[in-house]
Each structure stands twice: as structure tokens, then as C-alpha cells.
Amino acid sequence: MKHLLMMLAFTGMALPAGAQDFSQGSEAKPWNLYAEQPARFEAKVVDILCELTGDCPTDCGGGVRQLGLLRDVDNVLVYPNKNAQAAFTGAVVELLPFCGRQVEVDGLLIEDPDLKATNIYLVQKIRDVGDAEWTAANRWTKVWAENNPEADGKGPWFRRDPRVKAEIAAHGYTGIGVEEEQQFIKELFE
Amino acid sequence: MRKQLLMAAMLLPLPIAALAAEGERIQVRGEIIDTWCYYSGVMGGPDAVTGTAHHTCALWCSAGGIPVGLLAEDGQVYMVLKIAGDDASAGGDTQLRLASHEITADGLLYHRDGLNYLVVEEVVTDHGITKLNHEDYGAVPPFAIPKPGK
Chain A
1 MKHLLMMLAF
11 TGMALPAGAQ
21 DFSQGSEAKP
31 WNLYAEQPAR
41 FEAKVVDILC
51 ELTGDCPTDC
61 GGGVRQLGLL
71 RDVDNVLVYP
81 NKNAQAAFTG
91 AVVELLPFCG
101 RQVEVDGLLI
111 EDPDLKATNI
121 YLVQKIRDVG
131 DAEWTAANRW
141 TKVWAENNPE
151 ADGKGPWFRR
161 DPRVKAEIAA
171 HGYTGIGVEE
181 EQQFIKELFE
Chain B
1 MRKQLLMAAM
11 LLPLPIAALA
21 AEGERIQVRG
31 EIIDTWCYYS
41 GVMGGPDAVT
51 GTAHHTCALW
61 CSAGGIPVGL
71 LAEDGQVYMV
81 LKIAGDDASA
91 GGDTQLRLAS
101 HEITADGLLY
111 HRDGLNYLVV
121 EEVVTDHGIT
131 KLNHEDYGAV
141 PPFAIPKPGK
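The listed protein sequences derive, respectively, from chains A and B. Counting along the first sequence from 1, when you hit position 77 you're at 77 in full-length UniProt numbering, and nothing is skipped either side. Counting along the second sequence from 1, when you hit position 55 you're at 55 in full-length UniProt numbering, and nothing is skipped either side.
Be a bit skeptical, because a hint or two may be false.
[To be verified] Taking lysine-lysine pairs in the DSS-like style, the calculated list, with each CA pair at most 27 angstroms apart, reads: (1) B:LYS147 <-> A:LYS186; (2) B:LYS147 <-> A:LYS165; (3) A:LYS116 <-> B:LYS147; (4) B:LYS131 <-> A:LYS154; (5) A:LYS165 <-> B:LYS131; (6) A:LYS142 <-> A:LYS44; (7) A:LYS29 <-> B:LYS147.
[Claimed, not checked] Derived contacts from chain A toward chain B, CB cut-off under 10 angstroms, selection only: (8) ALA35; (9) GLY68; (10) PHE98.
[What the hints assert, rightly or not] A short list of chain B residues far from chain A (calculated; beta carbon distances all over 12 angstroms): (11) GLN27; (12) ARG29; (13) LEU81; (14) ALA84; (15) ASP106; (16) VAL124; (17) ILE129.
Hint data in this document are derived by calculation from the structure and do not stem from the laboratory. Note that beta-carbon positions come from the ideal geometry of N, C-alpha and C, so glycine has one too.
Can you make the complete structure from the sequences, with help from the hints?
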């Protein structure tokens with residue numbers, strides 16, 4: 001009995017996960033989001049599809065699959081939706097070099113019961129557990145530029161991305177059709 | 001007490017292979033959204049970050065590798081991990097093409113730590129973009145549509 005109690009306490013099950021505070025030691029920059037909380041914790045970088053279904057390529061999917069953070073203290077699967085850039089960019093590029101490794105991350109946790117948002121994360125920096133140096137989670141646009149040399153030019157990546165441009169050229173900014181949205185766009189700028 | 005503790009102990013963390021489970025087969029209808037804008041509120045309330053008003057931003061976020069979700073009619077969000085054999089959930093072509101579309105999906109549902117995850121095995125019906133809210137909200141964000149001629 002005593003061993004069981006100790007085991008439960010050790011694994012964190014004695015505390016509800018939602019009651020835990022991960023803000024201690026966090027240096028995360030606020031984004032002034034309604035439900036953000038600074039959160040710094042240790043975790044293993046995992047391929048979410050693998051974690052849930054057992055379909056596990058050796059390289060975490062090589063960058064095409066979403067990656068998660070399996071938090072050490074409570075075994076909760078945290079879902080990093082966002083990297084540190086204010087540029088419509090996700091977190092996989094930042095996490096992939098750490099696939100399968102124990103890391104420490106710092107960022108913002110989103111917990112909003114009204115929207116059923118829980119364990120959603122914006123990662124700002126990452127490092128292997130025990131390392132002194134952090135890696136800023138802001139590599140996405142650089143990697144995009146390397147992968148899209150033909151899209152070189154002025155303006156943010158999302159104005160130049162070939163796939164996005166092709167979708168807008170085919171279906172318009174609203175998706176209802178280029179011709180169909182012309183009057184709306186005209187009135188938008190009047 | 002002892003019985004409860006034993007039951008709790010059975011739920012202790014297990015190796016990954018042991019945790020992987022069979023999904024629950026479901027069929028669900030909803031809009032393919034970008035989850036960050038929806039969950040974070042960075043662009044405004046939930047009604048403004050869906051549909052035609054938010055379509056361009058949904059394209060940007062999908063291409064940018066932000067996870068897409070399926071927002072069902074009952075308000076549940078399903079984080080989409082795979083669509084019809086395409087596991088490119090971080091910026092893949094299939095999910096990009098379906099941005100803002102309402103679809104009926106048949107697939108496997110997994111629950112983990114408060115989130116719903118969906119492996120879409122088949123897009124039964126692509127209903128197209130059905131939420132026409134651009135007249136109500138304009139473009140979200142406002143710079144999504146550049147001024148003509150610029």
C-alpha cells in the first residue's frame with residue numbers, strides 16, 4: 001500500500017494535471033493572448049501520429065507530421081501549434097532536430113475551457129536537457145526561404161508562397177471564386 | 001481505498017507502444033480550420049476565424065505548418081493528423097486544398113489529454129466552402145486582402 005502511494009505521488013498522478021503551474025523559471029515573452037500562461041518544462045519530442053496510433057517512421061515523419069511534447073512530470077501530451085514567429089508559422093521545423101530527445105522548452109501554454117483549448121503550446125525556445133544554450137524557435141521562415149528559392153523577393157513569405165498564391169489565383173481570397181468576390185473587394189476598399 | 005489505488009496504478013504511464021490504441025470509428029461533419037487562430041484568439045473571436053472571412057489566413061497557417069482541425073457543428077474541434085492516406089499534417093497539400101472547406105469525414109478518433117485527434121480515412125463529401133461570413137467580418141486579419149493594384 002505504501003509503495004503504491006509513493007509511486008502515485010512520484011508520477012504526479014496525485015495532482016490533477018490542470019492544477020500544475022509550469023511558469024516557474026519561464027522567460028517566455030507574452031503575446032497578450034486571452035488564455036496564455038508562461039510555461040517551461042521538460043519533455044520528449046514525439047511524433048503525435050506515432051504516439052496515438054503506433055504508426056512510427058524512424059525520423060518522426062521527417063518534417064511532414066505534427067510533433068508533440070510528452071511532458072516528463074505528468075506524461076501529458078502537449079501540442080505545440082505555433083513557433084515564436086509572428087508569421088503564421090508552426091512548430092514542427094523547430095522541434096524536428098530534437099525528435100525523440102529529452103528537451104526543455106519555454107513558451108506559452110493556452111488553456112481556454114470555453115474553446116476546449118487545453119495543452120496547446122507556443123514554443124519560443126528549446127534545448128536538450130542539460131544543455132546551457134537555448135535554440136530560439138524562429139527558424140521557420142529561413143527554412144522556407146531555403147526550400148523556395150524561386151519565391152525570393154520582397155514582402156513576407158505568405159505573400160510569395162507558390163502554393164498559397166496558386167490557391168488564391170484559383171479560388172480568390174475568400175475561397176468563393178475570383179469573379180464572385182470582386183464586388184466585395186471593391187467595397188472593402190471604398 | 002486499496003481497490004481505487006490499484007485502479008489508479010493501472011493508469012500509470014506506459015511505454016509508447018503500449019499506449020497506442022485502436023481509434024473509435026466516427027463520421028463527423030465540419031469545417032477545416034487553422035487551430036492556432038481558433039484556440040489563441042489572436043485574430044478575434046471564434047466566429048471571425050472561420051469561413052470566407054478567414055480563408056486567406058487559413059491558407060497561410062496551413063501552408064505555414066500550423067495544425068489544422070475539423071470544427072464540428074457541435075463546437076468540438078478534432079485535430080487532424082492524416083487525411084485519406086496523406087500524413088503531411090504539417091503543411092501538406094491535401095489539408096491546404098481543404099482550407100475552410102466543410103467536409104464529412106470518416107475516420108478514427110483518439111482522445112488524449114483533453115484533445116480530440118482524428119485520422120481521416122476518407123473524405124466522404126467535400127461540401128466546399130459553406131460559411132459565408134466575409135460580408136459580416138470583412139477580411140480577418142484586415143491585411144489578408146491587399147488593396148487592388150498594390
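Okay, the hints, checked on the actual structure:
1. A C-alpha spacing of about 9 angstroms is found between LYS147 (chain B) and LYS186 (chain A), which places the hinted pair at or below 27 angstroms, so the restraint holds.
2. Taking the CA atoms of LYS147 (chain B) and LYS165 (chain A), the gap is near 16 angstroms; set against the 27 angstroms cutoff, the hint holds.
3. At roughly 36 angstroms between alpha-carbon atoms, LYS116 (chain A) and LYS147 (chain B) are farther apart than 27 angstroms, so this suggested pair is violated.
4. For the hint linking LYS131 (chain B) to LYS154 (chain A), the alpha-carbon distance of about 33 angstroms lies beyond 27 angstroms, and the restraint is violated.
5. Restraint check for LYS165 (chain A) and LYS131 (chain B): the C-alpha separation of about 22 angstroms stays at or below 27 angstroms, so the hint holds.
6. Note on LYS142 (chain A) and LYS44 (chain A): the hinted pairing holds, with a Cα-Cα distance of about 25 angstroms set against a maximum of 27 angstroms.
7. Between LYS29 (chain A) and LYS147 (chain B), the direct Cα distance comes to roughly 33 angstroms. Violation of the 27 angstroms bound is thereby established for this hinted pair.
8. The restraint placing ALA35 (chain A) at the interface with chain B holds, with a minimum CB-CB distance near 7 angstroms, inside the 10 angstroms limit.
9. For GLY68 (chain A), the interface hint holds, since its Cβ comes within 10 angstroms of a Cβ in chain B; the closest pair sits about 9 angstroms apart.
10. Interface restraint check for PHE98 (chain A): the shortest CB-CB distance to chain B comes to about 15 angstroms, outside 10 angstroms, so the restraint is violated.
11. Every CB of chain A is more than 12 angstroms from the CB of GLN27 (chain B) (nearest about 18 angstroms), matching its label as outside the interface.
12. The Cβ of ARG29 (chain B) lies farther than 12 angstroms from every Cβ of chain A, with a closest approach of about 18 angstroms, so its non-interface assignment holds.
13. Its closest Cβ contact with chain A, about 5 angstroms, brings LEU81 (chain B) to no more than 12 angstroms, contrary to its assignment away from the interface.
14. Non-interface status of ALA84 (chain B) relative to chain A is upheld: no Cβ of that chain comes within 12 angstroms, the nearest being about 14 angstroms off.
15. For ASP106 (chain B), the shortest C-beta to C-beta distance to chain A comes to about 16 angstroms, beyond the 12 angstroms cut-off, and the non-interface label holds.
16. Residue placement check: VAL124 (chain B) keeps its beta carbon more than 12 angstroms from all beta carbons of chain A (closest about 20 angstroms).
17. At the 12 angstroms boundary, the C-beta of ILE129 (chain B) falls inside the reach of chain A, the nearest C-beta of that chain being 4 angstroms off.
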